[in-house]
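These protein sequence lines are chains A and B, in that order. Sequence positions in the first sequence follow numbering that gives the first Met the number 0 and run 0 to 247. Sequence positions in the second sequence follow numbering that gives the first Met the number 0 and run 0 to 396.
Treat the hints with care, as some may be off.
Straight line, CA to CA, 27 Å or less: simulated DSS-like cross-link-like pairs of lysine-lysine [stated by the list, open to error]:
{"#": "1", "chain 1": "B", "residue 1": "LYS310", "chain 2": "A", "residue 2": "LYS222"}
{"#": "2", "chain 1": "A", "residue 1": "LYS191", "chain 2": "A", "residue 2": "LYS23"}
{"#": "3", "chain 1": "B", "residue 1": "LYS275", "chain 2": "A", "residue 2": "LYS194"}
{"#": "4", "chain 1": "B", "residue 1": "LYS316", "chain 2": "A", "residue 2": "LYS194"}
{"#": "5", "chain 1": "A", "residue 1": "LYS191", "chain 2": "B", "residue 2": "LYS275"}
{"#": "6", "chain 1": "A", "residue 1": "LYS64", "chain 2": "B", "residue 2": "LYS54"}
{"#": "7", "chain 1": "B", "residue 1": "LYS123", "chain 2": "A", "residue 2": "LYS23"}
{"#": "8", "chain 1": "A", "residue 1": "LYS196", "chain 2": "B", "residue 2": "LYS117"}
{"#": "9", "chain 1": "A", "residue 1": "LYS64", "chain 2": "B", "residue 2": "LYS49"}
{"#": "10", "chain 1": "A", "residue 1": "LYS194", "chain 2": "B", "residue 2": "LYS2"}
{"#": "11", "chain 1": "A", "residue 1": "LYS222", "chain 2": "B", "residue 2": "LYS123"}
{"#": "12", "chain 1": "A", "residue 1": "LYS191", "chain 2": "B", "residue 2": "LYS30"}
{"#": "13", "chain 1": "B", "residue 1": "LYS123", "chain 2": "A", "residue 2": "LYS194"}
{"#": "14", "chain 1": "A", "residue 1": "LYS194", "chain 2": "B", "residue 2": "LYS53"}
{"#": "15", "chain 1": "A", "residue 1": "LYS191", "chain 2": "A", "residue 2": "LYS204"}
{"#": "16", "chain 1": "A", "residue 1": "LYS23", "chain 2": "A", "residue 2": "LYS204"}
{"#": "17", "chain 1": "A", "residue 1": "LYS191", "chain 2": "B", "residue 2": "LYS187"}
{"#": "18", "chain 1": "B", "residue 1": "LYS49", "chain 2": "A", "residue 2": "LYS222"}
{"#": "19", "chain 1": "B", "residue 1": "LYS2", "chain 2": "B", "residue 2": "LYS54"}
{"#": "20", "chain 1": "B", "residue 1": "LYS310", "chain 2": "A", "residue 2": "LYS49"}
{"#": "21", "chain 1": "A", "residue 1": "LYS191", "chain 2": "B", "residue 2": "LYS272"}
{"#": "22", "chain 1": "B", "residue 1": "LYS316", "chain 2": "A", "residue 2": "LYS64"}
{"#": "23", "chain 1": "A", "residue 1": "LYS196", "chain 2": "B", "residue 2": "LYS316"}
{"#": "24", "chain 1": "A", "residue 1": "LYS194", "chain 2": "B", "residue 2": "LYS272"}
{"#": "25", "chain 1": "A", "residue 1": "LYS191", "chain 2": "B", "residue 2": "LYS119"}
{"#": "26", "chain 1": "B", "residue 1": "LYS272", "chain 2": "A", "residue 2": "LYS221"}
The following label-pair restraints were derived from C-beta to C-beta distances [said to hold, decoys possible]:
{"#": "27", "chain 1": "A", "residue 1": "ALA19", "chain 2": "B", "residue 2": "VAL9", "range": "20 to 28 Å"}
{"#": "28", "chain 1": "A", "residue 1": "GLU50", "chain 2": "B", "residue 2": "ALA382", "range": "52 to 60 Å"}
{"#": "29", "chain 1": "B", "residue 1": "VAL9", "chain 2": "A", "residue 2": "ASN120", "range": "27 to 35 Å"}
{"#": "30", "chain 1": "B", "residue 1": "ASP5", "chain 2": "A", "residue 2": "GLU235", "range": "35 to 43 Å"}
{"#": "31", "chain 1": "A", "residue 1": "GLU158", "chain 2": "B", "residue 2": "LEU35", "range": "30 to 38 Å"}
{"#": "32", "chain 1": "A", "residue 1": "GLU105", "chain 2": "B", "residue 2": "LYS2", "range": "52 to 60 Å"}
{"#": "33", "chain 1": "A", "residue 1": "TYR161", "chain 2": "B", "residue 2": "VAL292", "range": "42 to 50 Å"}
{"#": "34", "chain 1": "A", "residue 1": "THR195", "chain 2": "B", "residue 2": "LEU35", "range": "33 to 41 Å"}
{"#": "35", "chain 1": "B", "residue 1": "ARG390", "chain 2": "A", "residue 2": "ASN17", "range": "52 to 60 Å"}
{"#": "36", "chain 1": "A", "residue 1": "ASP229", "chain 2": "B", "residue 2": "TYR284", "range": "37 to 45 Å"}
{"#": "37", "chain 1": "A", "residue 1": "THR195", "chain 2": "B", "residue 2": "ASP373", "range": "33 to 41 Å"}
{"#": "38", "chain 1": "B", "residue 1": "ASP5", "chain 2": "A", "residue 2": "ARG244", "range": "44 to 52 Å"}
{"#": "39", "chain 1": "A", "residue 1": "ALA19", "chain 2": "B", "residue 2": "GLU320", "range": "41 to 49 Å"}
{"#": "40", "chain 1": "B", "residue 1": "ASP47", "chain 2": "A", "residue 2": "VAL212", "range": "32 to 40 Å"}
It is worth saying that the hints were derived from the structure and are not from the lab. Backbone N, C-alpha and C fix where the C-beta goes; we use that ideal spot for every residue, glycine too.
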Amino acid sequence: MNIIVLAKHAPDPESEINVASDGKSVDERGLVFDINDWDRYAIEEAIRIKEEKGGEVVVVGVGSKCEDTLRKCLAMGADRAIKIPVDTSLDAYQTAEVIKEAIKDEKFDLILAGMMSQDLNNAQVGVLLAAMLDLPFATAVSAISSIDDNSLTVARELEGGYNEEVTLPIPCLITVQSGINEPRYVSIMGIKRAKTKEMKEVDVKPTISTLEVEKMYLPPVKKAELIEGDPSEIAEKLIEILKDRGLV
Amino acid sequence: MFKGIDFYNVDDLLSSEERLVRNSVREFLEKEIEPLIIDAWHEEKPLDFKEIGKKFGQLGMLGAFIPEEYGCPGANYVTFGIICQEVERVDSALRSFVAVTSGLVMYPIWQYGSEEQKQKYLPKLASGEIIGCYGLTEPNHGSDPGSMEATAKRDGDEWILNGTKTWITEADIADIAIVWARDVDDGKIKGFIVEKGTKGFTQHAITKKGSMRAGGVGELGLVNCRVSEENRLPNAVGLRAPLSCLDQARYGISWGAIGAAMDCFETALNYTKERKQFGAPLASYQLVQEKLVKMLIEITKGQLLCWRLGKLMDEGKATPEQISLAKKNNVRVARYCARTARELLGANGISLDYSPIRHMANIESVYTYEGTDDIHTLILGRAITGIQAFRRELIVK
Ligand SMILES: Cc1cc2nc3c(=O)[nH]c(=O)nc-3n(C[C@H](O)[C@H](O)[C@H](O)COP(=O)(O)OP(=O)(O)OC[C@H]3O[C@@H](n4cnc5c(N)ncnc54)[C@H](O)[C@@H]3O)c2cc1C
């Protein structure tokens with residue numbers, strides 16, 4: 000089974016977020032980057048399938064600085080990596096497009112992606128890529144129940160704790176939900192082995208832009224107010240506030 | 000995930016593999032180990048190194064610089080330093096465990112042991128299957144181990160060991176102890192591997208500590224304890240052997256201490272940016288900024304020192320004196336930063352809910368072990384003047 004995994008080098012949403020001086024991007028100085036959490040599950044799932052069925056795991060990353068994440072995937076057990084050194088992060092269409100181009104000579108049975116990225120939450124790259132490649136796909140996969148040379152049966156997570164089981168013909172693409180497995184930690188031995196694994200740079204450029212950022216801003220801080228005074232004063236103040244906000 | 004201050008882009012001096020080691024150790028510690036620390040420390044219930052050691056082993060955190068043929072990662076000294084820095088950022092007891100295992104137990108077996116000893120013990124120590132300790136200090140001899148009283152007497156194919164070793168990290172739980180004793184016949188210091196359960200060998204914990212409470216320390220007793228000649232480290236003769244092990248661990252401490260300092264800095268910076276007094280964040284006051292800046296400067300210098308020393312270690316050029324300078328300086332930096340961070344957190348600074356008070360208490364051990372701050376001053380003083388000031392004739396009038 001040959002598997003392609005998409006892995007994004009993404010900022011940790013808990014790091015310090017400030018708007019850059021251009022007012023249109025995030026100041027990267029406060030950000031801590033690592034493999035996107037959902038992709039960590041995707042790469043683990045791919046390695047497990049390979050360990051059971053044999054084959055090859057190729058990890059693909061987009062971004063001029065994505066090397067650390069690709070190396071991490073190699074250290075976990077991926078066989079080789081493809082780095083696409085263009086920064087398309089905000090524009091999911093561009094990301095999917097450059098991946099499609101970069102993997103056009105790859106033979107694969109399955110593409111695994113994280114359901115979404117921890118910074119932008121678009122959940123679009125995987126499905127856009129499936130559409131561009133004309134592949135069947137399933138999103139939010141929480142378990143792979145069976146897999147053979149011709150088909151793949153997975154559980155998809157629905158709202159309200161329900162699951163849906165779907166069978167897809169191979170080749171196909173799935174985006175995985177976090178918690179599908181317990182990703183392994185990277186060992187120093189693995190990191191050493193990864194050193195000799197191939198990391199190929201494929202320089203492809205997106206053809207169109209589908210998104211323009213006008214303004215980037217932090218949400219206003221929500222404030223709570225304690226109204227003081229006797230009950231009639233409080234009521235008066237409350238009515239004033241409600242009227243003020245156009246709520247009554 | 001923890002970001003860590005890196006004002007001089009020391010990260011850029013690391014290879015991508017070294018950065019990845021840090022990232023993976025950091026991630027592992029944050030998920031698996033950090034949540035255990037406060038309770039272990041508070042209750043003085045040392046972390047379960049029998050379990051944690053195995054996890055450390057799987058990641059390759061034990062004996063990082065020892066070759067792969069002995070089941071170790073065969074990484075470089077910078078990598079060992081990075082591991083120490085990451086674990087000590089969480090708690091000094093973790094670094095004690097890593098540095099003792101790697102520098103004080105595995106290193107002497109690797110450097111002074113027979114091939115059989117290496118094959119027998121190193122893979123098990125690397126995987127955390129067994130735990131080791133290092134017995135040099137005695138009740139009457141700490142800074143001056145050359146005057147040790149523990150004795151070894153050859154008897155046919157065996158040695159008879161007698162003496163007491165105290166303040167020994169992981170003494171109570173260790174499966175093997177590297178014990179140093181003076182051969183009564185030739186007067187030379189020799190090293191022995193003593194296994195748990197050997198007749199005449201006892202292991203006890205020391206409790207009621209005010210420092211390193213998440214880790215174990217204890218006492219080793221040797222009463223006519225017989226070990227075979229096969230358990231002697233054949234290539235260790237004289238005081239230089241145990242001291243060379245200390246150099247390894249001291250190197251690890253020089254990185255580790257900066258880890259603790261970085262954690263204190265980060266905690267103090269975040270706290271003072273959030274906490275308001277007199278209508279403005281604490282961080283807006285000059286007095287507070289001065290403290291933060293001083294921490295930043297000291298940490299940055301310490302980071303550069305670690306990195307350069309790591310390179311010298313990897314080139315096989317580091318001298319014991321260079322290691323002393325880094326140990327002394329960086330532990331002082333950690334001591335300063337822990338105390339200053341504690342201060343900046345006000346009353347919360349004495350709560351174990353925040354790390355500085357714990358680091359502050361831990362670092363007192365680090366200041367004392369592996370050569371006290373004073374001893375490193377004397378080592379450096381001797382290096383630059385050529386005059387030793389450790390020892391003198393006491394003239395009693
Ligand atoms: C938590 C912990 C873990 C430890 N783990 C180990 C271990 O695993 N293995 C091991 O062998 N040991 C271990 N030790 C022991 C440690 O190495 C010793 O405590 C240390 O070497 C100092 O010895 P001492 O305590 O006897 O102090 P002393 O040597 O009695 O020193 C007391 C004070 O006198 C000063 N002093 C000593 N000599 C001089 C001098 N010539 N000039 C000026 N000042 C001087 C010292 O700097 C110090 O301030 C550990 C200690 C601690 C606290």
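Each hint, compared with the structure:
The straight-line distance between the Cα atoms of LYS310 (chain B) and LYS222 (chain A) is roughly 52 Å, outside the 27 Å bound, and the hint therefore fails. Between the alpha carbons of LYS191 (chain A) and LYS23 (chain A) the distance comes to roughly 39 Å, so the proposed pair goes past 27 Å and is violated. Straight-line distance between C-alpha atoms of LYS275 (chain B) and LYS194 (chain A) comes to about 48 Å, which puts the hinted pair past the 27 Å bound. Proximity of LYS316 (chain B) to LYS194 (chain A) is assessed by CA-CA distance (about 26 Å); at most 27 Å being required, the pair is judged to hold.
Distance check on the hinted pair: LYS191 (chain A) and LYS275 (chain B) sit about 47 Å apart at the alpha-carbon level, beyond 27 Å; violated. Taken as a hint, the LYS64 (chain A) and LYS54 (chain B) pair is broken in the structure, with Cα atoms around 30 Å apart against an allowance of 27 Å. With a C-alpha separation of about 54 Å, the suggested pair LYS123 (chain B) and LYS23 (chain A) falls outside the 27 Å cut-off, and the hint is violated. Of the pairs offered as hints, the one joining LYS196 (chain A) and LYS117 (chain B) is violated, with about 31 Å between alpha carbons and a cut-off of 27 Å exceeded.
This hinted pair does not check out: LYS64 (chain A) and LYS49 (chain B) have alpha carbons roughly 39 Å apart, beyond 27 Å. A hinted pair counts as satisfied when its Cα atoms are at most 27 Å apart, and LYS194 (chain A) with LYS2 (chain B) qualifies at roughly 25 Å. The hinted pair formed by LYS222 (chain A) and LYS123 (chain B) fails the criterion: a straight-line CA distance of about 57 Å is larger than 27 Å. Under the criterion of a C-alpha separation no larger than 27 Å, the hint pairing LYS191 (chain A) with LYS30 (chain B) is consistent with the structure, at around 23 Å.
Simply put, LYS123 (chain B) and LYS194 (chain A) have alpha-carbon atoms about 26 Å apart, close enough for the 27 Å limit, and the pair holds. For the hint pairing LYS194 (chain A) with LYS53 (chain B), the CA-to-CA distance comes to about 25 Å; that is within 27 Å, so the pair holds. Between LYS191 (chain A) and LYS204 (chain A), the direct Cα distance comes to roughly 32 Å. Violation of the 27 Å bound is thereby established for this hinted pair. Between LYS23 (chain A) and LYS204 (chain A), the direct Cα distance comes to roughly 22 Å. Compliance with the 27 Å bound is thereby established for this hinted pair.
With a CA separation close to 41 Å, the supplied pair LYS191 (chain A) and LYS187 (chain B) exceeds the 27 Å bound. Pair hint LYS49 (chain B) plus LYS222 (chain A) does not hold up; C-alpha atoms about 49 Å apart against a cutoff of 27 Å. Taken as a hint, the LYS2 (chain B) and LYS54 (chain B) pair is honoured in the structure, with Cα atoms around 23 Å apart against an allowance of 27 Å. With a C-alpha separation of about 38 Å, the suggested pairing of LYS310 (chain B) with LYS49 (chain A) is violated against the 27 Å cut-off.
Between the alpha carbons of LYS191 (chain A) and LYS272 (chain B) the distance comes to roughly 40 Å, so the proposed pair goes past 27 Å and is violated. For the given pair, LYS316 (chain B) sits about 34 Å from LYS64 (chain A) by alpha-carbon distance, which is inconsistent with the 27 Å threshold. The suggested pairing of LYS196 (chain A) with LYS316 (chain B) is violated, with an alpha-carbon distance near 31 Å, which exceeds 27 Å. Our distance criterion of 27 Å between C-alpha atoms is broken by LYS194 (chain A) and LYS272 (chain B), whose separation comes to about 41 Å.
Our distance criterion of 27 Å between C-alpha atoms is met by LYS191 (chain A) and LYS119 (chain B), whose separation comes to about 24 Å. The hinted pair formed by LYS272 (chain B) and LYS221 (chain A) meets the criterion: a straight-line CA distance of about 19 Å does not exceed 27 Å. Taken as a hint, the range 20 to 28 Å holds for the pair ALA19 (chain A) and VAL9 (chain B), whose Cβ atoms sit roughly 24 Å apart. Separated by about 54 Å at the C-beta atoms, GLU50 (chain A) and ALA382 (chain B) satisfy the suggested range of 52 to 60 Å.
A hinted range of 27 to 35 Å for the beta carbons of VAL9 (chain B) and ASN120 (chain A) is consistent with their spacing of about 33 Å. Range check, ASP5 (chain B) to GLU235 (chain A): about 55 Å between beta-carbon atoms, so the 35 to 43 Å window is missed. Under the hint 30 to 38 Å, the C-beta atoms of GLU158 (chain A) and LEU35 (chain B), about 36 Å apart, fit the expected range. At about 35 Å, the CB distance of GLU105 (chain A) to LYS2 (chain B) disagrees with the hint of 52 to 60 Å.
The hinted window of 42 to 50 Å between TYR161 (chain A) and VAL292 (chain B) is violated, with their beta carbons roughly 55 Å apart. In this structure the hint that THR195 (chain A) and LEU35 (chain B) lie 33 to 41 Å apart at CB holds, the actual value being about 36 Å. A hinted range of 52 to 60 Å for the beta carbons of ARG390 (chain B) and ASN17 (chain A) is consistent with their spacing of about 57 Å. A hinted range of 37 to 45 Å holds for the C-beta pair ASP229 (chain A) and TYR284 (chain B), which are about 39 Å apart.
Between THR195 (chain A) and ASP373 (chain B) the beta carbons are some 47 Å apart, a value that contradicts the proposed interval 33 to 41 Å. Between ASP5 (chain B) and ARG244 (chain A) the C-beta distance comes to about 45 Å, which sits within the given range of 44 to 52 Å. Between ALA19 (chain A) and GLU320 (chain B) the beta carbon distance is about 47 Å. The supplied range of 41 to 49 Å therefore holds. Evaluation of the 32 to 40 Å hint for ASP47 (chain B) and VAL212 (chain A) yields a failure: the beta carbon distance comes to about 50 Å.
Consistency note: the structure conflicts with the earlier hints numbered 1, 2, 3, 5, 6, 7, 8, 9, 11, 15, 17, 18, 20, 21, 22, 23, 24, 30, 32, 33, 37, 40.
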